[in-house]
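Peer 1: Sequences listed follow chains E and D, in order. Its first residue numbered 0, the first sequence is counted upward by one per residue in numbering that gives the first Met the number 0. Its first residue numbered 0, the second sequence is counted upward by one per residue in numbering that gives the first Met the number 0.
Take the hints with a grain of salt, since some may be wrong.
[As the list claims (entries may be wrong)] Straight-line C-alpha distance at most 30 Å; calculated DSS-like pairs for lysine-lysine:
(1) E/Lys-262 x E/Lys-204
(2) E/Lys-168 x D/Lys-129
(3) E/Lys-74 x E/Lys-108
(4) E/Lys-113 x E/Lys-102
(5) E/Lys-204 x D/Lys-306
(6) D/Lys-129 x E/Lys-204
(7) E/Lys-333 x E/Lys-345
(8) E/Lys-204 x E/Lys-345
(9) E/Lys-74 x D/Lys-306
(10) D/Lys-129 x E/Lys-102
(11) E/Lys-333 x E/Lys-262
(12) E/Lys-113 x D/Lys-204
(13) D/Lys-204 x E/Lys-74
(14) E/Lys-113 x D/Lys-306
(15) E/Lys-204 x E/Lys-74
(16) E/Lys-74 x E/Lys-102
(17) D/Lys-129 x D/Lys-306
(18) E/Lys-108 x D/Lys-306
(19) D/Lys-204 x E/Lys-108
Since the hints were derived computationally from the structure, they do not count as laboratory data.
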Amino acid sequence: MTGNAIAMEDVRKAYGGNLVIPGLTAEIGGGQFTVILGPSGCGKSTLLNMIAGLERVTSGTIRFGRREVQDLAPKDRGCAMVFQNYALYPHMSVRNNIGYALKVAGVPKEERRKRVDTAAESVGLRGLLDRRPSELSGGQRQRVAVARAIVREPSVLLFDEPLSNLDAKLRHGMRMELTRLHDRIGATSVFVTHDQVEAMTLADKVMLLNNGEIVQYAAPSELYENPATTFVATFIGAPAMNLLAADGEGAGIRLPDGTLLTKTPFRGPVTLGIRPENIEIVPDGIPCRTVYSESLGSHSVIVAALPDGQELRIATPLGRRMTPGEALSVRFMKGAIRLFDPESGKRH
Amino acid sequence: MKHGRGGRTSSGSGTAGVKQGFYTGRWSYWTLVLPILALIAMFFYIPVALAFFWSLFLERPFGGGSEFVGFQNYDRVLSDPEFWNAMWRTLIFMAIAPTLAIGLSLILALAADRGIRISQAARNIIIWPKAVAGASIGVVFVFIFNPFLGIFAPLNEMYPGIWNPRIDGGDAFATLVVAQVWNGIPFNFIILLSGLQAIPDGLAKAAAMDGSGPWRRIVDLQLPLLTPQLFLTFVLEFVGTVVEAFGLIDTMTQGGPGGATNLLIYKIYVDGFKAYDLSGAATQTALLMMFVIAMVILQFRLERFVKYER
């Protein structure tokens, strides 16, 4: 089964006079895993709730396949949702939690039992069906929430930051399981998060929101390699991309104090972006001075000051330790430099 | 009796090996609880114990010794039809008033919780009457239900004599029930509303996604999760019908007309302090206490249906 595509056209949401989403148009591919990413307060949960039918659109249309759904109740849209804090019914057993939607829909008891068993099996919950949610661990509760969502075989599966309550190790495991689950059931999955790692690992496509508007909507690798704006550049990747205020003088780009950064041809003031891992430490490059360095085991991150005082984050796999004040010289790797307009932040 | 959430938490911290509280030495505990213990003993345990004690004696109305008579007082009271009438009225009152007081509060709380129109204002208006004393409520309701000046005066003009709580026992009883219910609503409303608001928002959303409409969510989700608060109001209302009703009866009907509103609690007062049947009053107090204790035990047996998990 392949899930429906979701088409949003000029969707707006206002609370009172406060415009949270000022007209958003996008299409989410059927059967794809799409992650809506953005800082808190960017409107990503509101957008998800409008897709789910938990909040009304102020104006605009939302279509599942060919069907307009923006005025339908959640239950009539054929989508299911996994919530951040699980939202399990505390007074019901795991079996009744998973089967509640079927019960409401009037599915006969025998069939309900079978489908609950199948859903529980697929997320590894066998043997826990008679427990109460309060008797489960965080990871198990999350599985119940997922089982509850997939038991109705929805064509659209929505996730509202479902992993943010889990510890790092469990989160990694759940990411793998969610990817596998998505591949198996083939529903259109929309996953909201503020965690860029989740976005990078889970998504076929990432929709990056800021202030209710789409900043960039592309594959994760595209977001990482070719950020559309300085906002994307700093939001994706840890440590974030370096953004340097610089001037193009035709044959190259220099810092305001005249230090030559690169021979990339450009003219006029510019914001130069370079990812920390695309900076090499070389014998005779741009001179700088170590401010701080930390070793993360697999690599080290060095914060260095350029001659004009701007800071540069450098990720080096050498495991090399630098002491503050130590001088080093670096080179920006060819083809890794991204140039942005200093006024609008948009990419040149 | 099973322990609720509070019980579990305190025993939990105890097993964690942490010394409970901030005070060292057993005397500081005692000095802190002593004032309240003294008050409870003085105004509750000692009088109740004395009532039981006196119920076994025949007390002279104007002093001058008493005489041990065993269970003769009980014999006399239990064979008095007036006692059984008062008991029966108490039971009917107990069945009607709490049901209405909790039912109406529940409807109001559900509406306020859903945030329907003007619920913000309504919430305040409903809570304010809590500040009115029971006796004042009685006085006010006597006026409101006055057959010639009150809200039913126009009805009486159309059908003379259809409403008169001073003559008609049924009307008087209804007036008493209305006053008691009105008196109970603010408190029940606060408790039930806070209970409803403590139910996480996400649950309603999850249920909506599961296809459950607002009415179904009340039955499947809100009521089960509200059982702790419902249980609390239920217990308090039941005790209240026995205790608080006194102030209302005394200001509104004095047990009349024709004993129609003479509940056991009021009969005890009249027998003891107006008719000076001190032994009879003590005996009835003892019987009433036993009855209330039996009711409360029965209610706590129902506690196993209460869902404390959140």
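Peer 1: So, for every hint listed, does it hold in this structure?
Peer 2: Here's how the hints hold up against the structure:
Restraint check for E/Lys-262 and E/Lys-204: the C-alpha separation of about 34 Å exceeds 30 Å, so the hint is violated. Pair hint E/Lys-168 plus D/Lys-129 does not hold up; C-alpha atoms about 52 Å apart against a cutoff of 30 Å. Between E/Lys-74 and E/Lys-108, the direct Cα distance comes to roughly 20 Å. Compliance with the 30 Å bound is thereby established for this hinted pair. Distance hint between E/Lys-113 and E/Lys-102 is fulfilled; the C-alpha atoms sit about 13 Å from each other, no more than 30 Å.
The hinted pair formed by E/Lys-204 and D/Lys-306 fails the criterion: a straight-line CA distance of about 44 Å is larger than 30 Å. A C-alpha spacing of about 58 Å is found between D/Lys-129 and E/Lys-204, which places the hinted pair above 30 Å, so the restraint is violated. A distance of roughly 21 Å separates the Cα atoms of E/Lys-333 and E/Lys-345; the hinted pair therefore holds under the 30 Å criterion. Taking the CA atoms of E/Lys-204 and E/Lys-345, the gap is about 20 Å. The hint holds against a cut of 30 Å.
As the CA atoms of E/Lys-74 and D/Lys-306 are separated by approximately 27 Å, the hinted pair is consistent with the 30 Å bound. The suggested pairing of D/Lys-129 with E/Lys-102 is violated, with an alpha-carbon distance near 42 Å, which exceeds 30 Å. Distance check on the hinted pair: E/Lys-333 and E/Lys-262 sit about 10 Å apart at the alpha-carbon level, within 30 Å; holds. A threshold of 30 Å between alpha carbons decides the hint, and for E/Lys-113 with D/Lys-204 the separation of about 26 Å falls inside it, so the pair holds.
Distance hint between D/Lys-204 and E/Lys-74 is fulfilled; the C-alpha atoms sit about 11 Å from each other, no more than 30 Å. Note on E/Lys-113 and D/Lys-306: the hinted pairing holds, with a Cα-Cα distance of about 28 Å set against a maximum of 30 Å. With a C-alpha separation of about 26 Å, the suggested pair E/Lys-204 and E/Lys-74 falls inside the 30 Å cut-off, and the hint holds. Note on E/Lys-74 and E/Lys-102: the hinted pairing holds, with a Cα-Cα distance of about 13 Å set against a maximum of 30 Å.
For the hint pairing D/Lys-129 with D/Lys-306, the CA-to-CA distance comes to about 28 Å; that is within 30 Å, so the pair holds. Between E/Lys-108 and D/Lys-306 the alpha-carbon distance is near 24 Å, which keeps this suggested pair within the 30 Å criterion. Taken as a hint, the D/Lys-204 and E/Lys-108 pair is honoured in the structure, with Cα atoms around 24 Å apart against an allowance of 30 Å.
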